[in-house]
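Take the sequences, apply the hints, and build the full model.
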Amino acid sequence: MATESAISGGPIVFVEDLSKRFGAEWALARANFSVEQGRLALLTGANGSGKTTLLRCLSTALVPDFGRASIGGIDLISGRDTVRGRVAALNQPPGFYGGLSARENLTLTNAVLGLAREDALDAVLDRVGLGSKQKMPLDAFSSGMKQRFALARLSLLQRDVVLLDEPETHLDAAGLILLQELISEWKARGAAIICATHAHERFQGLFDLEVRLVGGRPENPGGTH
Amino acid sequence: MTAFRALITKDLRILARRRGGFLSAFALGAIIMLMASLSGEATPQSLGQRGAAAFWMGLFLGSTLFLSDSFETEQRDGGQRALILLGASPTAFFYSKALVNFIGLFIVGILLTPISGALFGVGPSLGGGMLVLGLGTLSLSAPGTLFTALVSESEKRHLLLPVMMFPLVVPVLITVVQSTLLLTFGDPMGQGSAWTSLLSVFALLHWLLDGALYSKAVD
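From first to last, the protein sequence lines are chains A and B. So the first sequence is numbered by this note's numbering: it starts at 1116 and just counts up by one. So the second sequence is numbered by this note's numbering: it starts at 156 and just counts up by one.
Rather than coming from a laboratory, the hints here were simulated on the basis of the structure. Backbone N, C-alpha and C fix where the C-beta goes; we use that ideal spot for every residue, glycine too. A hint or two may mislead.
[Unchecked claim] Restraint ranges, calculated between C-beta atoms of paired labels, are given here:
hint: 1; chain 1: B; residue 1: ILE262; chain 2: A; residue 2: GLN1295; range: 47 to 57 Å
hint: 2; chain 1: A; residue 1: GLY1163; chain 2: B; residue 2: LEU193; range: 56 to 66 Å
hint: 3; chain 1: B; residue 1: GLY289; chain 2: A; residue 2: ASP1180; range: 41 to 51 Å
hint: 4; chain 1: A; residue 1: ASP1241; chain 2: B; residue 2: LEU363; range: 39 to 49 Å
hint: 5; chain 1: A; residue 1: GLY1138; chain 2: B; residue 2: SER309; range: 49 to 59 Å
hint: 6; chain 1: B; residue 1: SER352; chain 2: A; residue 2: GLN1207; range: 15 to 25 Å
hint: 7; chain 1: A; residue 1: ASP1190; chain 2: B; residue 2: LYS371; range: 51 to 61 Å
hint: 8; chain 1: A; residue 1: ALA1235; chain 2: B; residue 2: SER348; range: 46 to 56 Å
hint: 9; chain 1: B; residue 1: LEU359; chain 2: A; residue 2: GLY1138; range: 36 to 46 Å
hint: 10; chain 1: A; residue 1: GLY1138; chain 2: B; residue 2: LYS371; range: 50 to 60 Å
hint: 11; chain 1: B; residue 1: SER348; chain 2: A; residue 2: MET1251; range: 47 to 57 Å
hint: 12; chain 1: B; residue 1: LYS371; chain 2: A; residue 2: PHE1181; range: 18 to 28 Å
hint: 13; chain 1: B; residue 1: ARG231; chain 2: A; residue 2: VAL1178; range: 19 to 29 Å
Below is the structure:
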């Protein structure tokens, strides 16, 4: 299903004048940028600046009111179902079944999305440090452990585009190193990553583009490389 | 493991680990039947006639608690929403959830049956009763799953669910009560099969149409 842009290594995420309104308020207004394969774009800005709204539009959870965006050349609205198969998103909250164990949640994800990676589940949980806790229900996990589990699920997906909404939240020092390692691996694999964060310094040396949002509007249209 | 089997396994696990909705449905159904048995004339004929209506009204209202509970986890954790955004099929979620809700409501119905027999003195034959109970709970579980998904984001979902669902399932309730009465008091005119056929049509329509509408409700 790779598109021409995906094969050539060119931009895979295009955002053009993307805007979203809640009532009379524009939560996001005329966002413009593109992200190439193997690149990390940071979305920065104060609370309420539109970072999460932008990510939710790109993950197809919200329908934009103006502008357009595409993933691998596929329009977010007309090709919604295809886009969903190419994007992996870590939202807040991440969206698991708290009554099920970590292993049961991953098995469910693997089966429901037809990933055929049953043999990789143990390795993925070991990688994020949850191998010995895989039979515990997620409701019994600490916030940091849940965030690690969210990273495990993202690793399992191996999608072209990874959307991260404050992925550093709740992570300890080892968890932050793990996050940086995973981002490096995803970049090396050719995934385009868009990450909303308040902790700009956590991604020093990793990010290729920064888009700063102020009151829903990009302060630096096109982003700063 | 196929997607559908994985989803059924998930819903059965959650049902087995969270028994609150199951017990609430049973308790509400039993209380409604008790109230109905204490109101009105206490003659065997009058009790028997009230019994069929009380049983199904108790099971319907109890089902709204059971159905709400089945979506409590989805609403709280957002697991279904997250998987749909990653490309999972909403239709597979509907059929797995409706099937597990059917199993749960059928079991609640079986547990309420002896209580109904004790309170009202009469009841349908075992074979016919199981058939009507099966078709009736099939006809309630599919629209119940759809409407629970529709109201699950609302703070007033426990009020909205029975209010929205009741008008839609009135034909089903009338049909199951008539079928139950014919099974209980005899069927000299041979009308039972017509009512059962009508109930089968309701079940089929709900399972097809509600399944097609589910993606609009959750996405």
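Hint-by-hint comparison with the structure:
1. Checked against the hint of 47 to 57 Å, the pair ILE262 (chain B) and GLN1295 (chain A) passes, with Cβ atoms roughly 50 Å apart.
2. Separation of GLY1163 (chain A) from LEU193 (chain B) is about 57 Å and conforms to the stated range, judged on CB atoms against 56 to 66 Å.
3. The hinted range of 41 to 51 Å is satisfied by GLY289 (chain B) and ASP1180 (chain A), whose Cβ atoms lie roughly 47 Å apart.
4. For the pair ASP1241 (chain A) and LEU363 (chain B), the supplied restraint of 39 to 49 Å holds, since their beta-carbon distance comes to about 45 Å.
5. In this structure, GLY1138 (chain A) and SER309 (chain B) break the distance hint of 49 to 59 Å, their C-beta atoms being roughly 19 Å apart.
6. At roughly 51 Å, the beta-carbon separation of SER352 (chain B) and GLN1207 (chain A) lies outside the given 15 to 25 Å, and the hint is violated.
7. At about 21 Å, the CB distance of ASP1190 (chain A) to LYS371 (chain B) disagrees with the hint of 51 to 61 Å.
8. At about 54 Å, the CB distance of ALA1235 (chain A) to SER348 (chain B) agrees with the hint of 46 to 56 Å.
9. Here the CB-CB span from LEU359 (chain B) to GLY1138 (chain A) is close to 42 Å, well matched to the stated 36 to 46 Å.
10. GLY1138 (chain A) and LYS371 (chain B) have their C-beta atoms about 23 Å apart, which leaves the hinted 50 to 60 Å range violated.
11. Taking 47 to 57 Å as the suggested C-beta distance range, the pair SER348 (chain B) and MET1251 (chain A) conforms, at roughly 53 Å.
12. The given range of 18 to 28 Å is respected by LYS371 (chain B) and PHE1181 (chain A), whose C-beta atoms sit roughly 24 Å from each other.
13. For the pair ARG231 (chain B) and VAL1178 (chain A), the supplied restraint of 19 to 29 Å holds, since their beta-carbon distance comes to about 25 Å.
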